[in-house]
Amino acid sequence: MAIDKKTVEYVAHLARIELKSQELEKLSQQLQDILNFVDKLKEINIKDIAPTSHILPINNVLREDIPKDSLAPKDALINAPAQEGSFFVVPKVIE
Amino acid sequence: MELYKLTAHELIKKLKNKETSAQEILSSLTIRIKEIDSKVNGYVRRSKENMDSPLVRSENDSHSGTVPISVKDNICTEGLNTECCSKILGGFNPPYDATVIKKLKEAGMPIFGLKTNMDEFAFGSSTENSSFGPTHNPWNLECVPGGSSGGSAAVVSADEAIWALGSDTGGSIRQPAAFCGVVGLKPTYGRVSRYGLIAFASSLDQIGPITKDVEDCALLMNIISGYDPNDSTSSDTDVPDYAKALVNDVKGIKIGIPKEYFVQGLDPEVKSIIEEAINKLKTLGASSKEVSLPHTQYAVPVYYIIATAEASSNLARFDGVQYGFRSGGLTLIEMYKKTRQEGFGEEAKRRIILGAFSLSHGYYDAYYLRALKVRTLIKQDFDAVFKDFDCIITPTSPTAAFKIGEKVADPLKMYLSDIYTISVNLAGLPAVSIPCGFTKKGLPVGLQILAKPFNEEMLFRVAHTYEENSEWHKMKPKV
Numbered sequence: 001m002a003i004d005k006k007t008v009e010y011v012a013h014l015a016r017i018e019l020k021s022q023e024l025e026k027l028s029q030q031l032q033d034i035l036n037f038v039d040k041l042k043e044i045n046i047k048d049i050a051p052t053s054h055i056l057p058i059n060n061v062l063r064e065d066i067p068k069d070s071l072a073p074k075d076a077l078i079n080a081p082a083q084e085g086s087f088f089v090v091p092k093v094i095e
Numbered sequence: 001m002e003l004y005k006l007t008a009h010e011l012i013k014k015l016k017n018k019e020t021s022a023q024e025i026l027s028s029l030t031i032r033i034k035e036i037d038s039k040v041n042g043y044v045r046r047s048k049e050n051m052d053s054p055l056v057r058s059e060n061d062s063h064s065g066t067v068p069i070s071v072k073d074n075i076c077t078e079g080l081n082t083e084c085c086s087k088i089l090g091g092f093n094p095p096y097d098a099t100v101i102k103k104l105k106e107a108g109m110p111i112f113g114l115k116t117n118m119d120e121f122a123f124g125s126s127t128e129n130s131s132f133g134p135t136h137n138p139w140n141l142e143c144v145p146g147g148s149s150g151g152s153a154a155v156v157s158a159d160e161a162i163w164a165l166g167s168d169t170g171g172s173i174r175q176p177a178a179f180c181g182v183v184g185l186k187p188t189y190g191r192v193s194r195y196g197l198i199a200f201a202s203s204l205d206q207i208g209p210i211t212k213d214v215e216d217c218a219l220l221m222n223i224i225s226g227y228d229p230n231d232s233t234s235s236d237t238d239v240p241d242y243a244k245a246l247v248n249d250v251k252g253i254k255i256g257i258p259k260e261y262f263v264q265g266l267d268p269e270v271k272s273i274i275e276e277a278i279n280k281l282k283t284l285g286a287s288s289k290e291v292s293l294p295h296t297q298y299a300v301p302v303y304y305i306i307a308t309a310e311a312s313s314n315l316a317r318f319d320g321v322q323y324g325f326r327s328g329g330l331t332l333i334e335m336y337k338k339t340r341q342e343g344f345g346e347e348a349k350r351r352i353i354l355g356a357f358s359l360s361h362g363y364y365d366a367y368y369l370r371a372l373k374v375r376t377l378i379k380q381d382f383d384a385v386f387k388d389f390d391c392i393i394t395p396t397s398p399t400a401a402f403k404i405g406e407k408v409a410d411p412l413k414m415y416l417s418d419i420y421t422i423s424v425n426l427a428g429l430p431a432v433s434i435p436c437g438f439t440k441k442g443l444p445v446g447l448q449i450l451a452k453p454f455n456e457e458m459l460f461r462v463a464h465t466y467e468e469n470s471e472w473h474k475m476k477p478k479v
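Just so you know, the sequences run in chain order A and B. Numbering-wise (the numbering used here), the first sequence opens with residue 1 and increments by one. Numbering-wise (the numbering used here), the second sequence opens with residue 1 and increments by one.
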C-alpha cells in the first residue's frame, strides 16, 4: 500500500515524535520501501491460522500475594530530569 | 602467555590452583584495553567512567572463581550507567541489577566496569547506530563487527574481555559472534530471565553468552539460566548441567539442512565453508539430509512488523519524565515530542513510527495481525522438521562482515543481513553460532546450529564436537 506524508506525520504524532521536514521526507520514502517489501505477506493464505503473539504456552502467571519491599521513592527518583519532594516534575498539564 | 588471552575455564582453573589472582586478571585486561580499544571502540567510554579502575566489585568477595564479565549497555547494572547507547537514556544509572547480573554476582563473577557498545536500543546489525560511534571488527578495522551486540563480540574476539553478555532479538548475539569469530548463543525464549534487560521486543528478546569457546558458553549458561519470579515469561523448566553436555560425540545425530537457506544471496565462499563444516560433522558420525522450511522467505517481513510494533510500545516509556534526557517544551505533549525528536537516533525513530503504524487503527489487521499469523506458520515449519531431526544447521549470516558505511543508507538491505537468524527468534528456539572457517580476505564465518526449545544440550554437544575437531576457535585477530 501507499503511505503518504500526512499518514507518517499523523503516526509520528501518535508516537509522540516531532519530525523535521527533511526527516519526514526521507522517512516517508523509507517506510514506503519497507511496506512494499512487507506486502509480500499478502501472498499467503492465512484463513483459519491462529496468531502467535507469544511462543511459550504460559498463561495467567499467578503468585502468592505477599507484600515485599519495593524501590524507595528516593531511589526511584535518582534518574529524574526534574523532581520535587517525592514527585516527578513535568510541564503544566492543566490551565 | 598473557592472562587476557585465556578462556574463562582456563582462568578458573588457574585461580583454583592459586597460579593467578582476580587482581592479576583485571590488570591484564586493563592493559589490553588501553593498548587496543581506541582502535576497536568495543567499550563505551562515558566521561565519568575511569579506565584505570574499571571494576565493580562482586557481592561475594570470598569466591575464588572470579573472572570478570563484560556486559552490553542494555542490561541494567546497579550503580553503573546503562544507556542502550542512546542519547535519550543519557546518564541513566540503574537503581537495581538485572537478574542475570544478580546471578553472576552470586556466583562470584565481578561485573566489568565498562559496558559494551551496541546499536541504539539494539536496533541494528552493525553497531554503527551507537551514540558512542561505531565498533570496528578486530579482524579488519574497516569492517563492522555485526550487531547489535557488536561491542560484546568485538571485545571477546580481541581479548579485551574474557567473556561477555549480549542480547538477541533477531540475531544480535549470533551474527556479531559470526562476524568476529567467537561463540554466541541465543537461549530458548524463557530460558534466561529478561528482568533488567531494557526491552526492545518482549516476545523475541533473550540475553545470552558471547565467549571464546563452547565450554565457556556452557559455564555461563549454567549461571544465568532459570526461572525468575520477576519475569513472568521465564520458564520453570528444569535447567540441566550444561557442562555435562560437552560431549565429543555426534554419532547418530540427525542434522537437517534447510534448502531455503542455501539459495541466491548466500555468498558462494560462505556456502562452501558451511558445507565443509557439515561434512566434518558427517565424518564424525552425524548424518544430514536436506529439509524444507517453506515459509523462510516471510521471516524478515514478519519480524520487522512484530519487532517494531513491540518496540514502539516498549519505547513509549522514554518520554523525558522519569529518567534520561529531557528537552524543553511549554506543554507536556510538546516536551514529549521534542525529547523524543532529539533523544532518539534515526533508526530508532524509523522503527517506532513503523511499529506505531502497523498497530494503528485501520492497519492493525492488514499488518500486525497478519504477521502474527504468519509467525505461526514459521513456527510450524520448525516443529515439523524437529519431529525427524535432532538439529538444523545453517550459515549464521549470508556473508562475512561487511564494510562500515556499506549498508547504513539502505535500511532494507541492512535488515536482510539477519535473514538466517530471525526465524529462530520468531519460533523461540535456541541457537548457537560457532566459528567454522575464514574467507580468502581473512574474515571469520559462523556456523549456526538450531535445536528444539529447551534443548540447549544438543547445541552444546554438536558445537563442542565440532570445536574439539577443528582449530578455528583458537585463531586470534592481529589488532
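The set of hints was computed from the structure by calculation and includes no laboratory data. Treat the numbers as computed from the prediction; the structure is a model and nothing was measured. There's no promise every hint is true.
As a list, the in silico SDA-like pairs of lysine to any residue whose alpha-carbon atoms are at most 25 Å apart [to be verified]: (1) B:Lys259 <-> B:Gln297; (2) B:Lys452 <-> A:Pro51; (3) A:Lys47 <-> B:Gly345; (4) A:Lys6 <-> B:Asn93; (5) A:Lys20 <-> B:Ile333; (6) A:Lys42 <-> B:Arg350; (7) A:Lys26 <-> B:Asp319; (8) B:Lys254 <-> B:Pro398; (9) B:Lys379 <-> B:Leu416; (10) B:Lys87 <-> A:Pro91; (11) A:Lys26 <-> B:Leu416; (12) A:Lys26 <-> B:Lys102; (13) A:Lys26 <-> B:Gln380; (14) B:Lys407 <-> A:Pro51; (15) A:Lys68 <-> B:Asp365; (16) B:Lys103 <-> A:Ser70; (17) A:Lys47 <-> B:Leu369; (18) A:Lys26 <-> B:Lys280; (19) B:Lys413 <-> A:Gln30; (20) B:Lys280 <-> B:Lys476; (21) A:Lys5 <-> B:Lys102; (22) B:Lys379 <-> A:Lys26; (23) A:Lys26 <-> B:Val385; (24) B:Lys87 <-> A:Glu9; (25) A:Lys20 <-> B:Ser327; (26) A:Lys5 <-> B:Ile12; (27) A:Lys20 <-> B:Arg350; (28) A:Lys68 <-> B:Asn93; (29) B:Lys379 <-> A:Glu43; (30) B:Lys387 <-> A:Lys92; (31) B:Lys102 <-> A:Leu62; (32) A:Lys74 <-> B:Ala316; (33) A:Lys92 <-> B:Glu342; (34) B:Lys413 <-> A:Glu23; (35) A:Lys20 <-> B:Thr399; (36) B:Lys413 <-> A:Asp33; (37) B:Lys478 <-> B:Thr399; (38) A:Lys42 <-> B:Ser360.
These are the hints, each one checked on the structure:
Simply put, Lys259 (chain B) and Gln297 (chain B) have alpha-carbon atoms about 12 Å apart, close enough for the 25 Å limit, and the pair holds. For the proposed pair Lys452 (chain B) and Pro51 (chain A), the alpha carbon gap of about 21 Å is at most 25 Å, so the pair holds. Taken as a hint, the Lys47 (chain A) and Gly345 (chain B) pair is broken in the structure, with Cα atoms around 39 Å apart against an allowance of 25 Å. Proximity of Lys6 (chain A) to Asn93 (chain B) is assessed by CA-CA distance (about 38 Å); at most 25 Å being required, the pair is judged violated.
For the hint linking Lys20 (chain A) to Ile333 (chain B), the alpha-carbon distance of about 16 Å falls within 25 Å, and the restraint holds. A C-alpha spacing of about 23 Å is found between Lys42 (chain A) and Arg350 (chain B), which places the hinted pair at or below 25 Å, so the restraint holds. Annotation: proposed proximity of Lys26 (chain A) to Asp319 (chain B) holds, straight-line Cα distance about 24 Å (limit 25 Å). Using a Cα cut-off of 25 Å, the hinted pair Lys254 (chain B) and Pro398 (chain B) holds, with the two alpha carbons roughly 23 Å apart.
Proximity of Lys379 (chain B) to Leu416 (chain B) is assessed by CA-CA distance (about 20 Å); at most 25 Å being required, the pair is judged to hold. Using a Cα cut-off of 25 Å, the hinted pair Lys87 (chain B) and Pro91 (chain A) holds, with the two alpha carbons roughly 21 Å apart. For the hint pairing Lys26 (chain A) with Leu416 (chain B), the CA-to-CA distance comes to about 20 Å; that is within 25 Å, so the pair holds. Only pairs whose Cα atoms come within 25 Å are accepted, and Lys26 (chain A) paired with Lys102 (chain B) is rejected, the gap being roughly 43 Å.
Restraint check for Lys26 (chain A) and Gln380 (chain B): not satisfied, since their Cα atoms lie roughly 38 Å apart, outside the 25 Å limit. As the CA atoms of Lys407 (chain B) and Pro51 (chain A) are separated by approximately 33 Å, the hinted pair breaks the 25 Å bound. Simply put, Lys68 (chain A) and Asp365 (chain B) have alpha-carbon atoms about 41 Å apart, too far for the 25 Å limit, and the pair is violated. With a C-alpha separation of about 19 Å, the suggested pairing of Lys103 (chain B) with Ser70 (chain A) holds against the 25 Å cut-off.
The straight-line distance between the Cα atoms of Lys47 (chain A) and Leu369 (chain B) is roughly 12 Å, inside the 25 Å bound, and the hint therefore holds. Between Lys26 (chain A) and Lys280 (chain B) the CA atoms are separated by roughly 48 Å; this puts the pair beyond 25 Å, and the hint is violated. Distance restraint check for Lys413 (chain B) and Gln30 (chain A): the Cα-Cα separation of roughly 11 Å lies within the 25 Å cut-off, and the hinted pair is therefore satisfied. About 22 Å separates the Cα atoms of Lys280 (chain B) and Lys476 (chain B), which keeps this hinted pair within 25 Å; it holds.
In summary, the hint linking Lys5 (chain A) to Lys102 (chain B) is not supported, as the alpha carbons are separated by about 47 Å, beyond the 25 Å threshold. With a C-alpha separation of about 35 Å, the suggested pair Lys379 (chain B) and Lys26 (chain A) falls outside the 25 Å cut-off, and the hint is violated. Using a Cα cut-off of 25 Å, the hinted pair Lys26 (chain A) and Val385 (chain B) is violated, with the two alpha carbons roughly 42 Å apart. Under the criterion of a C-alpha separation no larger than 25 Å, the hint pairing Lys87 (chain B) with Glu9 (chain A) is consistent with the structure, at around 23 Å.
With a C-alpha separation of about 15 Å, the suggested pairing of Lys20 (chain A) with Ser327 (chain B) holds against the 25 Å cut-off. Between Lys5 (chain A) and Ile12 (chain B) the alpha-carbon distance is near 58 Å, which puts this suggested pair outside the 25 Å criterion. Between the alpha carbons of Lys20 (chain A) and Arg350 (chain B) the distance comes to roughly 13 Å, so the proposed pair stays at or under 25 Å and holds. Restraint check for Lys68 (chain A) and Asn93 (chain B): satisfied, since their Cα atoms lie roughly 23 Å apart, inside the 25 Å limit.
Among the hinted pairs, Lys379 (chain B) with Glu43 (chain A) is consistent with the structure: their alpha-carbon atoms are about 18 Å apart, no more than 25 Å. Using a Cα cut-off of 25 Å, the hinted pair Lys387 (chain B) and Lys92 (chain A) is violated, with the two alpha carbons roughly 60 Å apart. As the CA atoms of Lys102 (chain B) and Leu62 (chain A) are separated by approximately 23 Å, the hinted pair is consistent with the 25 Å bound. Proposed proximity of Lys74 (chain A) and Ala316 (chain B) is supported: the alpha carbons are some 23 Å apart, at most 25 Å.
Under the criterion of a C-alpha separation no larger than 25 Å, the hint pairing Lys92 (chain A) with Glu342 (chain B) is consistent with the structure, at around 21 Å. At roughly 20 Å between alpha-carbon atoms, Lys413 (chain B) and Glu23 (chain A) fall within 25 Å of each other, so this suggested pair holds. Taking the CA atoms of Lys20 (chain A) and Thr399 (chain B), the gap is about 36 Å. The hint is violated against a cut of 25 Å. For the hint linking Lys413 (chain B) to Asp33 (chain A), the alpha-carbon distance of about 11 Å falls within 25 Å, and the restraint holds.
With a C-alpha separation of about 21 Å, the suggested pairing of Lys478 (chain B) with Thr399 (chain B) holds against the 25 Å cut-off. A hinted pair counts as satisfied when its Cα atoms are at most 25 Å apart, and Lys42 (chain A) with Ser360 (chain B) qualifies at roughly 18 Å.
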